[in-house]
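A.B. asks: Sequence:
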Amino acid sequence: MRNEHLAEPTTARRRDVVHPQLSAHATRLRRLPVVPAPVEGEAFHSWVDRAAIKLDVPPGIAARVLGLEFSSAGKMRRPLFFGVTLTPASLAGLQLTTGLTTKTLRQMQLARYDGTALNFSRLDVNDVTTLPRLTRHQWFLAYQSRACPHCLSGSGVWPVWWRLGIAAVCPVHRCLLVDICPACGVRLRRGGGNKKPTGLPTGTHYARDTQECGNRSPNPVAASQPEVCRQRIADIPTLSVPHALVDLQVRALAIADGGAARLAGEPVSGAEWFDALRYLTAAARLVVHDDELAELPGFAADTFAAVRTQRALSPRAVPGGASAMPGTASEAAAALALAEPILNASDWGAGARHLAPWARRLAAERQTRHSGRNPLRGIQHPAGLHRMMTAIVPHQRRIAGAVPTGSSVALEFRHIPNLIDADDYRNVMAVHLPGTTPVIGRHFCSLALARLAGAETWAQAEDSLDAPQRRKGNWGKTTQRIPDSQAFWSGIRTLADLLRKRGAIDYAARRRALSELLEVPYDSLFSIFRPVRMGVTRQRQRHAAAWIWQALTGSPAHGSPVYAGGWEGQSAASVTEARRKFHERVPESAARALTLWGLEWLDEKGTGPQPDSRAAGAVGGPVRSWSAH
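Position one of the sequence shown corresponds to residue 1 (my numbering), numbered consecutively onward.
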């Protein structure tokens, strides 16, 4: 899966092997006699509720019995990252108590959409503070859910996609999803009306019914027994929606599940399609006109108009800014409908024609209300959308005060390595960056490619390439060393041409896949090292995995997940020195064999064949072009 790195123990990620890390609580767990079988597409909170009913205990007790990890601080009664992803301890506990497979358990988490509708690259299961920060920019409901009353009247199962920010309408019953319980006025499955999320109930008086609201409110008579909202969700009235909205919802969900995506007729990744949706939604909040809203269903037009007015009057009062997730199902429906003519245009020209009014209004808005600054600055968007914008409203600007830009290039972020090829840097770019070390220069050139591909700032370029070590856009000293900025950008365009000629390689997909490879299996490495009379040790197995990472992802070896968190019993300096020696001593024939093994491993993971061996660092190409660092 795309998001397997989120739930694997850091020191135990091996190919096809999971070594669970059991907490002290988990070691006292036992296999439960019966648990409900998860329904395809079911949300984790829904399954835990059904397990609680099956076990005849409150949900909070059921979560403990199932082996979920809770915070050790305070009185928090909610499992860590509940329904978002699984911590290593939660995964190990669930496998022990239920016997369910890792794949089944992960499919119930929002992290199943990591890499398409969501980007969880900044979610750290060892740091609970990363979750609330992530909710400010990613479109998902961390602590509540939307719902279709008609669906719940039958099975009582809550699908996980109801917790996506794009969840707007039910494709089966053709109705608008419900956000808030009309009886208690609290968002569904929020737990309570407090600002902070409420923990799972543990009181024996509480009985969960998956078809009831279940939110709690303070009881003035018995504080330990809060009042429970018994509103039957099936009784909540719904609003019918047009077939066109249903089609938009189905298409968005298909892309979220990994289906093919196109932007204005051009193939893009699912992540880029959703980046475009978020960017266009932010633009619409600023510049959409009433005549454009009039084409939407009345409920969607009214909601979006209210949001637009609120942001115009007090933009700082709106959490998350212009890129915030749609707050309601009706706003999500409006966002899908407004972006549809551009996203699903038949070709680039048709998309540009639909985008033109917004692009021109944004340019005017930039000058009149934002002192010349781009109001959408910092919101990531794909290269194709950037090309449309610059074609409609051409502009020349300076990058970091020293480097002027020209026209953009037809290159997607995922096709740009973190470090450009060493030979390309030496032959094309080194002369333009005097006084810059090769490693820094190669990374800076990759960021420059991202700038021409659509990133508007150096910081955004770092984000778009998922750079392991970031300067937060502080590249002023590097730009000041450029003697001829026009020649520099001409060289960067030459690099872009070289990447296109060699064939597009999805470096982002490679990084996701290789994040699972924390050591090369003993037997495989033995067959590679035996002809060159090198021994196999555990350390060399791990260094070999990092070698493959840097050879095939265009990222530095020290950024490999192999070295994340350090190595137990070894200092960082000793690990760094061992890595350097390993890269120096691997013979050429072994290097080629390692590359071939890595390519075969990637193919097994579904990344597909690579179009050019030189760009891939494979046999026949410069296998050492990404040097060890």
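Source of the hints: derived by calculation from the structure; they are not laboratory data. One thing to keep in mind: the hints can contain errors.
[To be verified] With a Cα cut of at most 20 Å, we get these calculated SDA-like pairs of lysine to any residue:
#1 K103 <-> W597
#2 K605 <-> K477
#3 K501 <-> E516
#4 K196 <-> K103
#5 K196 <-> A142
#6 K54 <-> L293
#7 K477 <-> K501
#8 K196 <-> G327
#9 K54 <-> V34
#10 K581 <-> Q541
[Said to hold, decoys possible] Here are the simulated distance ranges between beta carbons:
#11 A37 <-> R530: 44 to 52 Å
#12 P132 <-> A306: 22 to 30 Å
#13 V393 <-> G327: 28 to 36 Å
#14 Q480 <-> D127: 14 to 22 Å
None of the values given here were measured: they were computed from a predicted structure. By construction, the Cβ of each residue, glycine as well, lies at the ideal position given by its N, Cα and C atoms.
A.B. asks: Indicate, hint by hint, whether the structure satisfies it.
C.D. replies: Each hint, compared with the structure:
1. K103 <-> W597: violated (25 Å)
2. K605 <-> K477: violated (41 Å)
3. K501 <-> E516: Roughly 30 Å between the alpha carbons, so the hint for K501 and E516 is violated.
4. K196 <-> K103: Violated: K196 and K103 sit about 31 Å apart, past 20 Å.
5. K196 <-> A142: Cα-Cα ~11 Å, so holds.
6. K54 <-> L293: With Cα atoms ~47 Å apart, K54 and L293 exceed 20 Å; violated.
7. K477 <-> K501: violated (32 Å)
8. K196 <-> G327: holds (17 Å)
9. K54 <-> V34: holds (8 Å)
10. K581 <-> Q541: holds (14 Å)
11. A37 <-> R530: 44 to 52 Å: holds (47 Å)
12. P132 <-> A306: 22 to 30 Å: holds (25 Å)
13. V393 <-> G327: 28 to 36 Å: At roughly 30 Å between Cβ atoms, G327 and V393 fall inside 28 to 36 Å, so the hint holds.
14. Q480 <-> D127: 14 to 22 Å: The hinted range 14 to 22 Å is violated for Q480 and D127, with Cβ atoms some 35 Å apart.
Violation of the numbered hints given earlier is confined to hints 1, 2, 3, 4, 6, 7, 14; the remaining hints are satisfied by the structure.
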